[in-house]
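Engineer: In case you want the letters, here they are:
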Amino acid sequence: MEWLQQLVNGISIGSIYALIALGYTMVYGIIKLINFAHGDVFMIGAFIGFWSISHWNLGFFSALLLSMIVCALIGVIIERVAYKRLRNATRIAALITAIGVSLLIEYTMIFFRGAQSAVYPSTIENRAIDVFGAQISSLSLLILGVSVALMLLLQFIVHKTKIGKAMRAVSHDAEAAKLMGINVDNTISATFAIGSALAGAAGVIFGVYYTKIDPLMGMIPGIKAFIAAVLGGIGSIPGAMVGGMLLGVVETFVSAMGFSSWRDAAAFLILIVILIFKPSGLFGKNTREKV
Amino acid sequence: MTNLLLNVENLGIQFGGLKAVQQVNMHLNQGELVGLIGPNGAGKTTTFNMLTGVYAPTEGVITFQGKKLNGLDPYKVTQSGISRTFQNIRLFKELSVLDNVKVANHSLAKHGIMASIFRLPNFFTGEQTMTEESEAFLKIFGLDKYKYELAKNLPYGMQRRLEIARALAAKPRILLLDEPAAGMNPQETHDLMELIAFIRKEFDLTILLIEHDMSLVMGICERIYVLDHGQLIADGTPIEIRNNPKVIEAYLGEEVAENVTSE
Amino acid sequence: MKKSKAFWAYLLIGIIIYAIVQFAMSSGMIGSYYSNMLITMCINVMLAVSLHIIIGITGQFSIGHAGFMAVGAYVSAIFTMKLELPFIAAIVAAGIIALLAGLLIGIPTLRLKGDYLAIATLGFAEIIRIVILNVDYVGGAAGMTVMRETTWSYAFFAMLLTIIVISNYTKSRHGRACIAIREDEIAADAMGINTTYYKVVAFGIGAFFAGIAGAIFAHNFYIIQPGTFGFLKSFDILIYVVLGGLGSLSGSVLAAVLLTAVSTYLAEFPETRMIIYSLVLILVMLYRPTGLLGTKEITDIFKFGKKGGKNV
Numbered sequence: 000m001e002w003l004q005q006l007v008n009g010i011s012i013g014s015i016y017a018l019i020a021l022g023y024t025m026v027y028g029i030i031k032l033i034n035f036a037h038g039d040v041f042m043i044g045a046f047i048g049f050w051s052i053s054h055w056n057l058g059f060f061s062a063l064l065l066s067m068i069v070c071a072l073i074g075v076i077i078e079r080v081a082y083k084r085l086r087n088a089t090r091i092a093a094l095i096t097a098i099g100v101s102l103l104i105e106y107t108m109i110f111f112r113g114a115q116s117a118v119y120p121s122t123i124e125n126r127a128i129d130v131f132g133a134q135i136s137s138l139s140l141l142i143l144g145v146s147v148a149l150m151l152l153l154q155f156i157v158h159k160t161k162i163g164k165a166m167r168a169v170s171h172d173a174e175a176a177k178l179m180g181i182n183v184d185n186t187i188s189a190t191f192a193i194g195s196a197l198a199g200a201a202g203v204i205f206g207v208y209y210t211k212i213d214p215l216m217g218m219i220p221g222i223k224a225f226i227a228a229v230l231g232g233i234g235s236i237p238g239a240m241v242g243g244m245l246l247g248v249v250e251t252f253v254s255a256m257g258f259s260s261w262r263d264a265a266a267f268l269i270l271i272v273i274l275i276f277k278p279s280g281l282f283g284k285n286t287r288e289k290v
Numbered sequence: 000m001t002n003l004l005l006n007v008e009n010l011g012i013q014f015g016g017l018k019a020v021q022q023v024n025m026h027l028n029q030g031e032l033v034g035l036i037g038p039n040g041a042g043k044t045t046t047f048n049m050l051t052g053v054y055a056p057t058e059g060v061i062t063f064q065g066k067k068l069n070g071l072d073p074y075k076v077t078q079s080g081i082s083r084t085f086q087n088i089r090l091f092k093e094l095s096v097l098d099n100v101k102v103a104n105h106s107l108a109k110h111g112i113m114a115s116i117f118r119l120p121n122f123f124t125g126e127q128t129m130t131e132e133s134e135a136f137l138k139i140f141g142l143d144k145y146k147y148e149l150a151k152n153l154p155y156g157m158q159r160r161l162e163i164a165r166a167l168a169a170k171p172r173i174l175l176l177d178e179p180a181a182g183m184n185p186q187e188t189h190d191l192m193e194l195i196a197f198i199r200k201e202f203d204l205t206i207l208l209i210e211h212d213m214s215l216v217m218g219i220c221e222r223i224y225v226l227d228h229g230q231l232i233a234d235g236t237p238i239e240i241r242n243n244p245k246v247i248e249a250y251l252g253e254e255v256a257e258n259v260t261s262e
Numbered sequence: 000m001k002k003s004k005a006f007w008a009y010l011l012i013g014i015i016i017y018a019i020v021q022f023a024m025s026s027g028m029i030g031s032y033y034s035n036m037l038i039t040m041c042i043n044v045m046l047a048v049s050l051h052i053i054i055g056i057t058g059q060f061s062i063g064h065a066g067f068m069a070v071g072a073y074v075s076a077i078f079t080m081k082l083e084l085p086f087i088a089a090i091v092a093a094g095i096i097a098l099l100a101g102l103l104i105g106i107p108t109l110r111l112k113g114d115y116l117a118i119a120t121l122g123f124a125e126i127i128r129i130v131i132l133n134v135d136y137v138g139g140a141a142g143m144t145v146m147r148e149t150t151w152s153y154a155f156f157a158m159l160l161t162i163i164v165i166s167n168y169t170k171s172r173h174g175r176a177c178i179a180i181r182e183d184e185i186a187a188d189a190m191g192i193n194t195t196y197y198k199v200v201a202f203g204i205g206a207f208f209a210g211i212a213g214a215i216f217a218h219n220f221y222i223i224q225p226g227t228f229g230f231l232k233s234f235d236i237l238i239y240v241v242l243g244g245l246g247s248l249s250g251s252v253l254a255a256v257l258l259t260a261v262s263t264y265l266a267e268f269p270e271t272r273m274i275i276y277s278l279v280l281i282l283v284m285l286y287r288p289t290g291l292l293g294t295k296e297i298t299d300i301f302k303f304g305k306k307g308g309k310n311v
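If you're matching them up, the sequences are chains A, B and C in order. Numbered by numbering that gives the first Met the number 0, the letters in the first sequence go through residues 0 to 290 in order. Numbered by numbering that gives the first Met the number 0, the letters in the second sequence go through residues 0 to 262 in order. Numbered by numbering that gives the first Met the number 0, the letters in the third sequence go through residues 0 to 311 in order.
Simulated from the structure, these hints should not be mistaken for lab results. You may find that some hints are simply not true.
As the list claims (entries may be wrong) - Each computed DSBU-like pair below joins lysine-lysine, with the alpha-carbon atoms no more than 30 Å apart:
1) K170(C) <-> K75(B)
2) K92(B) <-> K83(A)
3) K31(A) <-> K295(C)
4) K170(C) <-> K83(A)
5) K112(C) <-> K177(A)
6) K18(B) <-> K4(C)
7) K109(B) <-> K81(C)
8) K170(C) <-> K31(A)
9) K138(B) <-> K112(C)
10) K144(B) <-> K170(C)
11) K277(A) <-> K4(C)
12) K81(C) <-> K92(B)
13) K75(B) <-> K112(C)
14) K138(B) <-> K4(C)
15) K151(B) <-> K31(A)
16) K200(B) <-> K170(C)
17) K66(B) <-> K4(C)
18) K4(C) <-> K170(B)
19) K138(B) <-> K170(C)
This structure is a prediction, so every number in the text was calculated from the model and none was measured.
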């Protein structure tokens, strides 16, 4: 029953990747930008959660909510200040700006609070639940539950609300959407807000689960979430969810087989294999350049 | 059929579920100047893209001098002797006019990478040959006085000319011109058509010309193919085409449609 | 032959700079602090110029350049420390193995475009780092001690060679093919340029010189660790190329020299340095996305009244 335990662990960490990957995939879908700073929004979310719980004595769910709100604001600010001017810039300029924003957030954080890590206080009691003979931690289940709830909420927003419809329209064809009276600027900001809120939530969940956080913690999960988004097919929301879970499971099994120091390499290998053999990912569509 | 140069049988391509071009049969004989016309969206450029290897056709066979061209990379198609211009000008903007032509002249010189890096003697002779030959092409097109300008700084009409000069520098036997006169005024168009007639004789070329404007091709082409909705609807001499009811319908239908949308 | 006259003039200026610095170092006018900075400048210029041929000339967006530097550093360290071969052999080997690594990575990934290529190269660089981390033969995470063999002469002449080779390559039919790919890949293809081949060549040359830079770097600091070659290092190199002006060799050189000086002065305040770096990067991208010099060369600016004329 060891494998079932590993599977649940994998899905739990995978759901964190999935939450971050959603932001990547939504932003890429709408403005074709790899938002490198997204992993750092996740880091900020983790710190907001940490301060809420340990300094301001908030509970897990209030901390989660607060972190989501602050991250949504930060996401919108990043978009308005840095990315908005880049809509017609070259892809290289956009990507480099994103790298710049990422570095700026990381080192501003280090500048103000130092590079040392912080330890999350335990807010939720963790016990092992016996499921068909496998010991599954209640924390894993909680994380999974919260992530799935947020993803369902996102599906609802994207498919059933007006802003969701606008988001889909803009990602399909921004010019046409503009002609149809959709406010493209606001829609893009909304996309950043939603994506960043999910990253903020992922930050708090990460903190509760792994307990240790630091200002550079966003780099690796950020890139892994991007890999998850590519795996699922960039631009595809269900793809990001499945890609995240799949990546989490693969990593957990690689570690469980005793290759934990190769875990990150496995993720990058998946990325490269996907890029070379099926760049559109599991759920993506092929595009071709117009001549 | 001793002088058959290019033969296209049953050519077709499908994007997703959409058949953009289907069942196109055409051929080019050595030395001909042939027009390919049709209303907007008829599949003219798509056909060009298949002939030059940019798109791999999903059906049909293209043979050039007896060899099958399907599935070859564009650069191999060009090296085998078919070169093209683009409808939406695709010059190397940050390169000089001369260097644009020298890129197409690439295979003329044979010096290797090591010769370039260490400036071996054959580098200098090779580059010299390329420069001289490219300058000769520029002269024909009246571009020699711009040779050190960046391509992006050329006036529009000159950019169109440079596209053709560049395609010619690749030493083709067949030249495919995709709306070479698009956006030009009548005088410029007239000059360009004379120039095309001139280079055809001078370089013993076979030319396939896409044109949107029917009256323009009528004057210079010996034969014309008409595409509509991805299919060949007519082929023949200009006079035959002019009197073909299907062609008139395809064009008239479009004009009526244009009038409706512009009102 | 006027052009080659200019070439000899630049070479002469280079040698004079070398001689002055060499004299100042051996007479003790320049202390170890500044001589270290000058050597680091040469290394960074090499890295910048070797990435310039990939991004600036060929337009292929690689953001994993530190990976090739790591290959060069470790291969050279194995040559001198484990096999006890001379430094110069180690340098050559570092270049060749890095070149092979470049081909190995370039051939499958260079079919990708833009962002996808960028992410793939980043991924490969990380894989290289993780592999080194897991090989006990080269010390794993703790790193590997290396003798100090780099001198100003090695650093300077390696840099000079890098600049000459890449500049000569750029101004040849091969370099023009690469620029054509940067400007419009479809048109280059249609003009008979084997685009895949030239992308791989540019990638290979870039990797070769990054490997040599890695060798010079490894033998300058007693110890090398896999952590040094992470994506922050790759970003550093990328910043030189982008700030200098994509497509401008002298821009890359200038940016590498200036930023190395800035980071040397800010060495004690690494956060401040990174904040300044990232702010400059963002502001340049927003207000002058072509970088310091655009695609121009510094020599173009000093050419009065002569239009263009930057041909061979």
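Engineer: Quick one: which hint numbers does this structure break? Sort them smallest to largest.
Structural biologist: Numbers 4, 6, 7, 8, 9, 11, 12, 16, 17, 18 - these are the hints that the structure violates, sorted from lowest upward.
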